[in-house]
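Participant: For the sequence shown, position 346 (counting from the first letter as 1) is numbered 345 according to numbering that gives the first Met the number 0, and the numbering increases by one without interruption.
Because the hints were derived from the structure by calculation, they are not lab data.
Ideal placement from N, C-alpha and C gives every residue a C-beta, glycine not left out.
Hints may contain errors.
What the hints assert, rightly or not - Cβ-Cβ distance ranges computed for the label pairs, FRET-style:
#	residue 1	residue 2	range
1	PRO530	ALA190	38 to 46 Å
2	SER563	ALA426	30 to 38 Å
3	ALA648	ARG540	32 to 40 Å
4	THR613	ASP131	27 to 35 Å
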Amino acid sequence: MPTLTMQQIADAAQVRRPVVTTWRRRYADTDHPFPAALDDGTGRFDADAIATWLRATGAGNNPEAADELAAHSSQTLGLSDDVEASSALLLLHSLIGEPLTGADPMEIGLRIAESGAGSLLDLDETLDLLEDAERVRTVDSVAEAAFSAMPVLDRMVAGFESPGGPWAAQSLTHAGADLIAAVIDELRTIAPRTLVPFGTGGHVLANLALRGLDEGENPSFAIDPSTQRTPADRAAWRRLLAHGIDCEHLESPSGESSDRTADTGDLDPGEHALVLAQWQQVEDPAAFFDAVDRMVLGLGPTNIALVLGPASLLVEDGLPVSLAEHRARILDAPGPDAPRLRYLARLPKGLSRFGGRRRLALWVLGRAQSLRGTDWTVFGNHGSTPLTAATSRAIASDVAVALTGGSALHEHPFLSSARRASGPYLAGTSLLIDTATGSAPDPGALLATVWDLSRGALDGAVSVAIREEPAPGDRPRRAPGAADTADPIDWRTATRSLARDLAGVRIDEELIGGPGHGSVVLIGPEEVREPGRIGRRAVDRLDLERTCPRARFTEPGDVVFVSSGGAAALVDDEGGHLVRAPARVLRCRRADGVRARVLHPRIAARDIARAVGTDRRAWHLHTLPADQLDGTHAAARAVSARRDSLLAALRDLDDLEDTLYEGVVTDALTLTTAEPASAEPAPTKEI
0 MPTLTMQQIA DAAQVRRPVV TTWRRRYADT DHPFPAALDD GTGRFDADAI
50 ATWLRATGAG NNPEAADELA AHSSQTLGLS DDVEASSALL LLHSLIGEPL
100 TGADPMEIGL RIAESGAGSL LDLDETLDLL EDAERVRTVD SVAEAAFSAM
150 PVLDRMVAGF ESPGGPWAAQ SLTHAGADLI AAVIDELRTI APRTLVPFGT
200 GGHVLANLAL RGLDEGENPS FAIDPSTQRT PADRAAWRRL LAHGIDCEHL
250 ESPSGESSDR TADTGDLDPG EHALVLAQWQ QVEDPAAFFD AVDRMVLGLG
300 PTNIALVLGP ASLLVEDGLP VSLAEHRARI LDAPGPDAPR LRYLARLPKG
350 LSRFGGRRRL ALWVLGRAQS LRGTDWTVFG NHGSTPLTAA TSRAIASDVA
400 VALTGGSALH EHPFLSSARR ASGPYLAGTS LLIDTATGSA PDPGALLATV
450 WDLSRGALDG AVSVAIREEP APGDRPRRAP GAADTADPID WRTATRSLAR
500 DLAGVRIDEE LIGGPGHGSV VLIGPEEVRE PGRIGRRAVD RLDLERTCPR
550 ARFTEPGDVV FVSSGGAAAL VDDEGGHLVR APARVLRCRR ADGVRARVLH
600 PRIAARDIAR AVGTDRRAWH LHTLPADQLD GTHAAARAVS ARRDSLLAAL
650 RDLDDLEDTL YEGVVTDALT LTTAEPASAE PAPTKEI
């Protein structure tokens, strides 16, 4: 007996789920009460009873709901117990356009041959499936209720991304699907291209590509052996064939034809292809890079490839050396005409539907072009970018510009992205760069600005001149993993080799009081945001020893920062303070004569204060040459001294003003306007 859930009733009647609950209550005392649920404890309803009720009441927004219930009932769900057989029969029903019961085998063979569905609908196997009379009757019933087999196949494939479905691990949120669909749509506008899904994840992206099609547009697909391995994969292709979409069958580079047991192998997409690949859940990173490598090696000069995968593998630092080298080899194009990485980005959070906090990244590869004799890549870092419709459009536009190149690369306003020469970056351990940094400043202009602004603040402390490039023999040796360029480094690289990221101490509010004998001054988020408050709060050392015996105090030069509620930072020049969580400490390592570049606390605090978002992994810090550390310390002391002097003068002016007003209002002082000096007549010049 076909049954329905309340959600399925709502879907058939084209209403929201709470409306069905309202019907049960509103019609209880009428001539047509809503049918009672079955007494088997499942909360389901008899489909025939619901159909009778809908015909009698006319409820809902779909006049044909009573006739379409079978397409939403347990009959349709029952087809999913054998996706292979059900999808094949549904495709066959769509091809012949009539019930399968009593169909002519000769007619079936003719339609399969005409459709080109031979690899997905074997004639002998299909005739065997027709012997299952019960399944054939079910297919006929649900197809008739849905007016064709195509909507039934659509629902079946859509269910693959449901919880527990075969594609659930590759499923995207609604906002994530909108973003990737916008990117695919922009790539298709560059030039007409055949869509080539690669692997199971490619099917999910192919479904997104169908969302952006104009009415009457008939795209072409190419069936790669890697996308026919599972019954769900083959059902997805059968769905496209049922819709009349052209699907070309690819062969592997070895000449082997498509085989439903084939594993993900090499790719040969042909010309003018847009390859779609996705891996959200990666259990074996080495196998993941092998699969991406095989895909990239198969690309031709007219191909474009979109790769969606974990940010930890595609763009971030922290990979083992062997995997980092493998990633660099993938991105090192084998020839001048080979597609190269044109766009990469760490994408906004909230894309993975069932991946929790998993962060995704995007690669887009296209034909190699040159710009002033160099190769380029657009690097994006959207880790702190809100995921909105405007964001999706902007990122999709950035990808299109990165692929087309030309003058648009200079004129286009990229979103949290920047164009860079590819070579110096793609071989690095991290592909995240500071996208806010523009081209290198002019040294002469910087020096002139320093002279204009210093007004003697640096006199006697440090002299400033344009830096000359040191000779190769004078350059410090580079430590493994250390920064050796002027480009900002990501947070993970900085805290692994140039600094330590230390957590603050969790202190109960009742332990915090005023400063006194035997107490330690506290620096929390409030003090970081308002440094003038430092010294007002403290914790008794005995209480601290009792509750947090391992608490550590700051050292001179520590950077105390917060990320939640907006980044802020200060430099603790004195040290000896207690940092209260969620505030943290960035402790820069001292120069050791090995590292070519180091962090300076003042510069690090400036970078943190300017950072956007709360995710520290998306922050970037600037380094400076190790031989400039002493001079930078001297300049920082001189600037701080001048700032303290000016602040003291401002405080004196404030006190002066208050004292004058106090004297006037209490009749203690008299303020008299100073008489201007008498003006003497100008001497007369005799002629």
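Participant: All hints are to be evaluated individually against the structure, with a verdict given for each.
Facilitator: Status of each hint after checking the structure:
no.: 1; hint: PRO530 - ALA190: 38 to 46 Å; result: violated (56 Å)
no.: 2; hint: SER563 - ALA426: 30 to 38 Å; result: holds (35 Å)
no.: 3; hint: ALA648 - ARG540: 32 to 40 Å; result: holds (37 Å)
no.: 4; hint: THR613 - ASP131: 27 to 35 Å; result: violated (56 Å)
Figure legend: structure checked against the earlier numbered hints; hints not met, in rising order: 1 and 4.
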